Amino acid sequence: MEIGDCYIGWATDEEIRSKGASGGLVTAMLAAALEKELVEAVVVLKKLGEFEAIPIVTSDPEEVKAAAGSMHSVPIVLSRYLEYGTKVALPAKPCDARATIEQAKRQQVNLDTTYIIGLNCGGTMHPAVTRKMLETIYKLDPEEIAGEEIDKGKLIFETKDGKEHAIKIDELEEEGYGRRESCQYCAINIPRMADLACGNWGVIGDLAGKGTFVEVNTEKGIEILQNAIDSGAVEITPADEKGKAIREKVDSAMQKVAASAHEKYLAPIEGSHLDYYMNTLSDCINCGACKTVCPVCACGEAAKCTDFYSQALGYKMSLFHLVRFVHLMDSCIGCGQCTDVCPVDIPLTHLYRRFAEPLQEEFDYTPGVDMRTPPFFGVDLIED
Amino acid sequence: MAEDTEWQPKIVMFCCNWCSYGGADSAGMGRFQQPPTVRVIRVMCSGRMDPVFILNAFLEGADGVIFSGCHIGDCHYVSGNYKATIKYKFLKAMVNELGLEDERLKLDWISASEGERYANVVKEFTEQIKKVGPSPLKPEGVI
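Sequences listed follow chains Y and C, in order.
Counting in our numbering, the first sequence runs without a single skipped number right up to 384 at its last residue.
Counting in our numbering, the second sequence runs without a single skipped number right up to 1143 at its last residue.
Extracted from the complex, chain Y is given alone in its bound form (with noise of 0.2 Å):
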């Protein structure tokens, strides 16, 4: 096995393979890690209901397996639940695996001991918008839904009574409802820079539904994926060309759509550029809430930004957010958590983004795809 290979692999277990998606790899994959005592601990998605899981660390194999089945939560701050080099595989969507690695770069994770499981990902939806979504749109229960999916640019549920309900995603986007804003801008859907990069797309002919393709990408990724071969808990077979190329296309046609959105989200300010960030930010009430949530701030509890909370400064714009700004420049990965637990609806991450594209564009710099420095610490001093 080599870095750069593609593979298609599904779990041995009858069990895990029905219950997991895809063919149950990656399920099989942490539970063959922590067996093998590869790992201490594995995050997992905890299901609450069929629109929620919250992540948990553990190092039970049941309940790495009992937590099977394609889950979409937010990205976490692994180094807060994590003491530091601490071995854990987790897997990730791409911007779980970019936040990871900002993590690392600011001393919070080790990579070292951090397998990344990398999961591709077209979007994830915001639980309580979906709820809404369904009562106003579908016209459903919430309770009684059974299962999601995307195909064909239609989002699928399915009811307890197992009738299906399809509505186009452009049409529900419209309307306000489908996948969060930020993530119907994102580009990044393959995690390259993850370990190993799982996921459905490319995967052909008997084997559809059936089988999970693989692209390896670091040591570490031959490290756990051969360590579930040789527990025998997984079996692959090598992919071939027509599903590369499919799931090339598929990344592709995500990423023209995403371009679209980017466009309508992130159009240019009409009129004052001040004005509209002094009206937008005028709602924060300083709970700091977004702080507390975003993967790649490492300043701790008191930091820069937190000594500007204040209303009673008189300033006429928040300065607590200016800080912010000038922080995440060269760091936002666009997770989209801020505008998620923002209790006033200040859409945030947009504001972010609005900052950080201009200079990550000036600096080539993507963050969260390598280990390369920040350019606001990254002095080269060999100048000409």
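No lab work stands behind these hints: they were computed from the structure.
Here the structure is a predicted model, which is why all the values come from computation and not from measurement.
Each hint should be verified, as a subset may be incorrect.
Below, in silico cross-link-like pairs of lysine to aspartate or glutamate (EDC-like), each with a Cα-Cα straight-line distance of 16 Å or less [as the list claims (entries may be wrong)]: (1) C:1123 x C:1103; (2) C:1083 x C:1050; (3) C:1092 x Y:357; (4) C:1089 x Y:275; (5) C:1089 x Y:361; (6) Y:168 x Y:148; (7) C:1138 x Y:275; (8) Y:316 x C:1060; (9) Y:304 x C:1103; (10) C:1089 x Y:148.
Got chain Y sorted already, so can you dock chain C onto it with the hints?
Okay, now just chain C, sitting in the frame of chain Y:
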């Protein structure tokens, strides 16, 4: 007495201890005329400049901010002014996106012997700020 009623901008200038602050001194000793618009704040190195200082200055009512240090290659701490250059790029991008006028922020290198140059920088910058007018970020009640 038309001069007295003319609006005078408030400019905050951050000078590094080793060069620009000395430059301000020599401007005084050499009796180079300069407008009384600048409030000088001494920092140990231009690399110490935090973007927060500058944003805070604007929010406190500054119409313009200059930050200056030793010439590239002459930094007392070897690489401080390289760091300042990077921070300036961040600030420039920030000020652009925020919609503040570009002219309100300036980075300049002034050495301890360049008293005349210091006076000229202050003079030119004051003229520049007079053209763009009071800062829109100035809090209520601050002149």
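Results of checking the hints against the structure:
Between the alpha carbons of residue 1123 of chain C and residue 1103 of chain C the distance comes to roughly 14 Å, so the proposed pair stays at or under 16 Å and holds. This hinted pair checks out: residue 1083 of chain C and residue 1050 of chain C have alpha carbons roughly 10 Å apart, not beyond 16 Å. Restraint check for residue 1092 of chain C and residue 357 of chain Y: satisfied, since their Cα atoms lie roughly 14 Å apart, inside the 16 Å limit. Among the hinted pairs, residue 1089 of chain C with residue 275 of chain Y is inconsistent with the structure: their alpha-carbon atoms are about 23 Å apart, more than 16 Å.
In summary, the hint linking residue 1089 of chain C to residue 361 of chain Y is supported, as the alpha carbons are separated by about 13 Å, within the 16 Å threshold. Between the alpha carbons of residue 168 of chain Y and residue 148 of chain Y the distance comes to roughly 13 Å, so the proposed pair stays at or under 16 Å and holds. For the proposed pair residue 1138 of chain C and residue 275 of chain Y, the alpha carbon gap of about 13 Å is at most 16 Å, so the pair holds. Between residue 316 of chain Y and residue 1060 of chain C the alpha-carbon distance is near 9 Å, which keeps this suggested pair within the 16 Å criterion.
Between residue 304 of chain Y and residue 1103 of chain C, the direct Cα distance comes to roughly 27 Å. Violation of the 16 Å bound is thereby established for this hinted pair. Note on residue 1089 of chain C and residue 148 of chain Y: the hinted pairing is violated, with a Cα-Cα distance of about 46 Å set against a maximum of 16 Å.
In terms of the numbered hints stated before, the structure departs from hints 4, 9 and 10, listed from lowest to highest.
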